[in-house]
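**Q** Take a look at the letters that make up each chain.
Number of protein chains: 2
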Amino acid sequence: MPASSPDTLRREIERCRQLTDAVLLDPRYRDRFRPEHIRRAVYAYIERPAKRLRPALLLLCCGAVGGDEQQALPAAAAVELFHTWTLVHDDIIDNDALRRGQPTVHVAAADWALAEFGADPAAAQAYGRDVAILAGDAQQAWATAMLLECADRGVPASVVLGLVGRLQTVLNHRLIEGEMLDVQLSYRRIESCREDEVLQMIRLKTGVLLEYCAAAGAAIGCRRLPGEDPVVDALGEFAHLCGVAFQLQDDILGVTGNEATLGKPLGSDIREGKATVLILHALRHASVAQTAALRAALGRAAASTVEVEAVRQVLQEVGSVTYTSTLAERFVEQALARLRMVPASAPRDLLEAWAHSMTARTA
Amino acid sequence: MPASSPDTLRREIERCRQLTDAVLLDPRYRDRFRPEHIRRAVYAYIERPAKRLRPALLLLCCGAVGGDEQQALPAAAAVELFHTWTLVHDDIIDNDALRRGQPTVHVAAADWALAEFGADPAAAQAYGRDVAILAGDAQQAWATAMLLECADRGVPASVVLGLVGRLQTVLNHRLIEGEMLDVQLSYRRIESCREDEVLQMIRLKTGVLLEYCAAAGAAIGCRRLPGEDPVVDALGEFAHLCGVAFQLQDDILGVTGNEATLGKPLGSDIREGKATVLILHALRHASVAQTAALRAALGRAAASTVEVEAVRQVLQEVGSVTYTSTLAERFVEQALARLRMVPASAPRDLLEAWAHSMTARTA
Numbered sequence: 549m550p551a552s553s554p555d556t557l558r559r560e561i562e563r564c565r566q567l568t569d570a571v572l573l574d575p576r577y578r579d580r581f582r583p584e585h586i587r588r589a590v591y592a593y594i595e596r597p598a599k600r601l602r603p604a605l606l607l608l609c610c611g612a613v614g615g616d617e618q619q620a621l622p623a624a625a626a627v628e629l630f631h632t633w634t635l636v637h638d639d640i641i642d643n644d645a646l647r648r649g650q651p652t653v654h655v656a657a658a659d660w661a662l663a664e665f666g667a668d669p670a671a672a673q674a675y676g677r678d679v680a681i682l683a684g685d686a687q688q689a690w691a692t693a694m695l696l697e698c699a700d701r702g703v704p705a706s707v708v709l710g711l712v713g714r715l716q717t718v719l720n721h722r723l724i725e726g727e728m729l730d731v732q733l734s735y736r737r738i739e740s741c742r743e744d745e746v747l748q749m750i751r752l753k754t755g756v757l758l759e760y761c762a763a764a765g766a767a768i769g770c771r772r773l774p775g776e777d778p779v780v781d782a783l784g785e786f787a788h789l790c791g792v793a794f795q796l797q798d799d800i801l802g803v804t805g806n807e808a809t810l811g812k813p814l815g816s817d818i819r820e821g822k823a824t825v826l827i828l829h830a831l832r833h834a835s836v837a838q839t840a841a842l843r844a845a846l847g848r849a850a851a852s853t854v855e856v857e858a859v860r861q862v863l864q865e866v867g868s869v870t871y872t873s874t875l876a877e878r879f880v881e882q883a884l885a886r887l888r889m890v891p892a893s894a895p896r897d898l899l900e901a902w903a904h905s906m907t908a909r910t911a
Numbered sequence: 549m550p551a552s553s554p555d556t557l558r559r560e561i562e563r564c565r566q567l568t569d570a571v572l573l574d575p576r577y578r579d580r581f582r583p584e585h586i587r588r589a590v591y592a593y594i595e596r597p598a599k600r601l602r603p604a605l606l607l608l609c610c611g612a613v614g615g616d617e618q619q620a621l622p623a624a625a626a627v628e629l630f631h632t633w634t635l636v637h638d639d640i641i642d643n644d645a646l647r648r649g650q651p652t653v654h655v656a657a658a659d660w661a662l663a664e665f666g667a668d669p670a671a672a673q674a675y676g677r678d679v680a681i682l683a684g685d686a687q688q689a690w691a692t693a694m695l696l697e698c699a700d701r702g703v704p705a706s707v708v709l710g711l712v713g714r715l716q717t718v719l720n721h722r723l724i725e726g727e728m729l730d731v732q733l734s735y736r737r738i739e740s741c742r743e744d745e746v747l748q749m750i751r752l753k754t755g756v757l758l759e760y761c762a763a764a765g766a767a768i769g770c771r772r773l774p775g776e777d778p779v780v781d782a783l784g785e786f787a788h789l790c791g792v793a794f795q796l797q798d799d800i801l802g803v804t805g806n807e808a809t810l811g812k813p814l815g816s817d818i819r820e821g822k823a824t825v826l827i828l829h830a831l832r833h834a835s836v837a838q839t840a841a842l843r844a845a846l847g848r849a850a851a852s853t854v855e856v857e858a859v860r861q862v863l864q865e866v867g868s869v870t871y872t873s874t875l876a877e878r879f880v881e882q883a884l885a886r887l888r889m890v891p892a893s894a895p896r897d898l899l900e901a902w903a904h905s906m907t908a909r910t911a
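In the order they appear, the protein sequences are chains P and R. Start counting the first sequence at 549; every next residue gets the next number (this note's numbering). Start counting the second sequence at 549; every next residue gets the next number (this note's numbering).
Bear in mind the hints are in silico, worked out from the structure with no lab data behind them. Don't take each hint at face value.
For chains that are exact copies, the list does not tell them apart, and a pair is met inside one copy or across any two.
Once the Cα atoms are required to be at most 25 angstroms apart in a straight line, the calculated SDA-like pairs of lysine to any residue come out as [unchecked claim]:
#1 K822 - R677
#2 K822 - R559
#3 K599 - E664
#4 K599 - L729
#5 K822 - P669
#6 K822 - D574
#7 K822 - E617
#8 K599 - T870
#9 K822 - W660
#10 K599 - R578
#11 K822 - P554
#12 K599 - E855
#13 K599 - T839
#14 K822 - E664
#15 K822 - R648
#16 K822 - D700
#17 K599 - V836
#18 K822 - R714
#19 K822 - L709
#20 K822 - T907
#21 K599 - H833
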């Protein structure tokens with residue numbers, strides 16, 4: 549059976565999104581969050597339109613082992629919540645102003661302090677940061693509480709305890725390690741950053757969460773934890789490898805993509821001087837003239853559109869785009885090898901299409 | 549049987565501390581935390597000398613219902629970890645520089661960036677904040693992972709799941725509410741802050757955690773969750789009420805205490821203009837001249853020792869110290885009424901002594 553068509557995959561992801569959102573946005577959770585500013589901050593991102601790829605991955609993997617997706621729905625909502633708290637805290641750390649086209653939580657909450665307390669700008673900024681720290685803390689707890697609800701839907705207590713345990717050890721600690729490595733890389737001269745360090749950071753920041761989603765969905769579906777069933781582990785590794793490919797493609801699109809579909813300014817990685825596989829390759833292989841073009845824009849927030857465009861050209865000429873794109877394809881191939889260990893089924897075909905979409909996407 | 553003597557209580561708390569620390573500081577956890585800066589930040593506070601009152605409370609309540617304290621030890625370590633992550637994040641929010649006599653996590657980590665990355669002061673400060681945010685996030689997860697370990701010691705899965713659930717909903721969300729109310733009170737004119745609001749904030753910030761400790765210890769001891777056993781609930785309420793008394797006494801000691809045993813500058817609440825029950829009482833009852841003395845120091849970081857001493861005198865003259873102290877005693881009495889619902893035992897006598905120590909303490 550061939551991979552499902554991109555259209556079939558899109559419809560399936562949308563179906564999963566609706567199922568997940570019915571749990572995630574169930575009004576009965578709202579009253580838990582007080583006072584009002586915490587509630588607004590907790591709901592800010594999850595109420596904005598999003599594809600919910602992680603919940604969809606979890607539900608597909610549950611289906612791929614013949615599981616009951618109704619039992620897995622709280623877990624699907626939980627991984628989205630877990631992803632969300634990391635976004636809220638990362639946005640403080642990265643000083644980002646926009647998320648899903650609207651103000652980040654810490655920026656929005658600073659405005660609440662200006663409007664409601666008449667705080668001065670510095671105090672308002674501090675208030676915004678405080679609300680965002682605490683809202684992320686509340687969301688992390690909510691994620692776990694949501695996962696526990698699987699027990700109410702018939703998932704055995706031992707499976708739920710095992711999944712909560714992995715959430716609080718492997719997933720939490722490795723994600724935080726990845727975020728910390730990302731921060732530390734930004735403090736180093738870009739020439740001193742190695743490709744293997746960047747790939748490790750991507751594995752921790754992106755791969756580990758997708759691995760958790762897939763393995764959790766499969767574990768709920770077949771009632772065996774990661775390490776207890778080769779199919780659960782294969783699906784976890786499959787998703788991890790796809791995650792790395794996704795991030796590599798993301799880095800390419802950030803430079804060569806379309807600003808409108810991207811939702812953020814083209815070349816922001818270049819202006820930040822971010823160590824990506826793409827840029828590190830160019831720095832290793834550029835001629836003297838090409839290096840000069842790279843240097844003119846890398847790490848300069850004020851770099852002009854022309855200067856960023858010159859970098860984009862160098863990345864093409866040197867072969868850095870092709871190199872990164874080939875690397876991403878290799879991760880997808882490795883992922884598909886893992887997927888072949890999973891018995892054939894309609895959800896497996898959808899996962900195959902999902903893997904191909906990592907590198908086929910243009911936004 | 550009378551309450552145990554303060555000396556017996558002190559020895560028992562120290563015994564519980566040693567039992568808890570053997571779990572908390574077990575070297576097998578250290579490798580979970582990477583990179584090195586995260587590990588140092590995660591361990592910073594828990595490696596400093598502390599009484600570990602919360603673990604002791606949990607273990608005493610387990611004993612008071614006839615439970616096996618060995619089964620409760622991971623929970624004792626878990627509540628200390630839960631307390632610790634809130635300290636790490638609160639210290640960022642409150643811009644505090646010292647904790648247990650040494651630099652707070654965000655201040656220490658800023659120094660690491662100065663020393664190791666040669667970061668400029670502003671970048672180092674941002675780095676310190678980032679490390680502290682992520683370290684607290686990791687500690688929150690560790691707390692839950694630690695609580696799960698009770699299942700390995702024979703506590704039924706249903707009790708563990710129930711306690712994890714309450715940790716992630718009631719405890720997390722109410723503590724965050726309390727911290728947020730504390731922040732919001734600091735943005736308001738002190739005259740607009742009401743005593744009932746301050747008491748509610750104290751209940752959420754201090755009472756709810758102690759209630760959780762006591763109820764969790766009892767639940768593990770008798771294998772019935774809060775809401776399923778009146779003794780579990782009575783012990784929870786007992787601890788909650790003691791927590792409020794503790795905080796009221798803390799506010800008194802912060803103004804009238806001994807700087808050496810207090811470990812922080814006398815009168816910092818006054819210089820911060822913090823709305824405490826003590827200060828709000830004085831503002832309500834002061835004469836014109838007394839109000840002038842209060843105003844001269846309240847909320848002025850630069851207030852002199854003489855000005856702070858004048859406030860202390862006003863707090864005595866107006867009867868605010870007596871008022872607050874009487875209120876604290878009333879909370880202890882209410883707590884003791886709850887304790888009488890618990891069958892007599894040696895641990896109950898220790899809990900009685902602990903309740904009296906809330907207001908008897910001078911440091």
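**Q** Hint compliance check: list the failing hint numbers for this structure, sorted ascending.
**A** Structure breaks hints 2, 3, 4, 6, 7, 8, 11, 12, 13, 16, 17, 18, 19 and 21.
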